[in-house]
Amino acid sequence: MNTQDMIAQLALEPAAPPLKTGRIALAIVAGVTLFAALFLAFAGLRADLLGHLVKPLVAAKTLLPALLCVLALSQVMRWLRPGAASGIGLRGLAGLALLGVLPLCLTAMLASPASLWFADLALIKVVECLGFILLISAPALAVAFALVRQGAPTAPARTGAMLGLGVSAGATAGYSFYCMMDNPLFYVIWYGVAILTVTALGALAGARLLRW
Amino acid sequence: MASATTTLNLHAGIAAGVMHGPRALAARITKMSGDNGTAHAAQSHQKRMIPDMSGRETELADLLRAARAGDQRAYAAFLGAVTPTLRGIVRARIPTLGADSQEDIVQEILLAVHAKRHTWDDSAPLLPWLYAIARYKVIDAQRRRRHRGHEPLEPIIDQIEAAPHADDVAAAMAARDSAALIGQLDARSARIVRAVSLEGETTAEVGQALSMSEGAVRVALHRAIKRLGAIARKDTR
Chain A
873 MNTQDMIAQL ALEPAAPPLK TGRIALAIVA GVTLFAALFL AFAGLRADLL
923 GHLVKPLVAA KTLLPALLCV LALSQVMRWL RPGAASGIGL RGLAGLALLG
973 VLPLCLTAML ASPASLWFAD LALIKVVECL GFILLISAPA LAVAFALVRQ
1023 GAPTAPARTG AMLGLGVSAG ATAGYSFYCM MDNPLFYVIW YGVAILTVTA
1073 LGALAGARLL RW
Chain B
679 MASATTTLNL HAGIAAGVMH GPRALAARIT KMSGDNGTAH AAQSHQKRMI
729 PDMSGRETEL ADLLRAARAG DQRAYAAFLG AVTPTLRGIV RARIPTLGAD
779 SQEDIVQEIL LAVHAKRHTW DDSAPLLPWL YAIARYKVID AQRRRRHRGH
829 EPLEPIIDQI EAAPHADDVA AAMAARDSAA LIGQLDARSA RIVRAVSLEG
879 ETTAEVGQAL SMSEGAVRVA LHRAIKRLGA IARKDTR
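Protein sequence lines, in the order shown, are assigned to chains A and B. Convert by adding 872 to the 1-based position in the first sequence; the result is the number in the working numbering. Convert by adding 678 to the 1-based position in the second sequence; the result is the number in the working numbering.
Please keep in mind that the hints were generated in silico from the structure rather than gathered at the bench. Among the hints, a few may not be true.
What the hints assert, rightly or not - Selected chain A positions facing chain B (Cβ under 7 Å, derived; list incomplete):
id: 1; residue: Ile879
id: 2; residue: Leu891
id: 3; residue: Pro954
id: 4; residue: Arg1080
C-beta atoms are modelled at their ideal positions from N, C-alpha and C, and glycine is treated no differently.
Whenever a hint applies, use it, and build me the whole structure from the sequences.
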């Protein structure tokens, strides 16, 4: 069959409604919120959550990941359309995140002697932090991938990584309402490890699921 | 020994094997619905000379916009108008490929443009969108050619065992190099076999990605596996 005949046949198919990236982004955020809320419903909020949230070092646990989530997801939405400008990118976002957490870590380091910096490091706490963030992220990421497949990312692995980053950052923001580890040197590192893990998983999944 | 033969045939496969790909699919589409009246519109459109980039941009964007509103004639004209551009891109990027194989890649790009036509943001320029799709599919085609010979064997053997002829199984297993085998299939069959057998996608998912019905994917998969067996038998003989 020659190309002209193929074109003629393709033209007979019904028109496709335009992609609504805003709606996809909202649906992903709703998914993350749902799974975070389910987790909090079972695990419970930390005691006196509002009383703690007024402290900047505690509020940052929620706000920074939430901001990261919004930035990453808006980046993913851009990448769903071929030919769009590449924007801030994974490295740019990572740099931005580092700039954001640096003052937190410095504050913590100046506020206590070096011997106390990692005093609250305990295996159980690390496992709890990583485990729960991954637990919230996994189903939310599955939903997100299903939604994002409507798009046409020309860099599937990179888009998957960015999606993993956005979803796990959102999951982390939700998890922070449960987490009682308020030392930035703890949460920056372990939230970071959790988010990077899901980002890597997202890259692997994206390379497979987002090809077209 | 088998793999040396396979490698040789692989090169022949690159030149000649990709021939049936999108065309087979296109042929299938033709069978399903007979009318091709819009072809003439597309053809006459294609012959027109293109004045300049911004005029072309506006022209194509208008056509795709009209297509979105349900104008099939405009959509045929759009696909017809982008085809020469796509041919140029493929020729420039993979000049070593035979004309037939180049046209197969052009058709693959057209199918991708069609499958992803909803991803164009009509407030953004159209040409960068089109070029990005073309680049993606060309890179995809190049990667497919390069990666032949580096993929795991076991999942294919599982598939081949499910095929009807015991001969095919033995022959394919003896041939060892499943990836090189797949490489000798036409592009579309290779993609289907890879997606279903290696990447574990369902036939429904593959069908959606390739704009084929699930049944058509199953048939294509079945045929491809039988052909793999035949190729393997030939190679080990």
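Verification of the hints:
1. Ile879: Holds. Min distance 4 Å.
2. Leu891: 5 Å, holds
3. Pro954: 3 Å, holds
4. Arg1080: OK, holds: A/Arg1080 within 7 Å of chain B, min 6 Å.
In the structure shown, no violation is registered for any of the earlier numbered hints.
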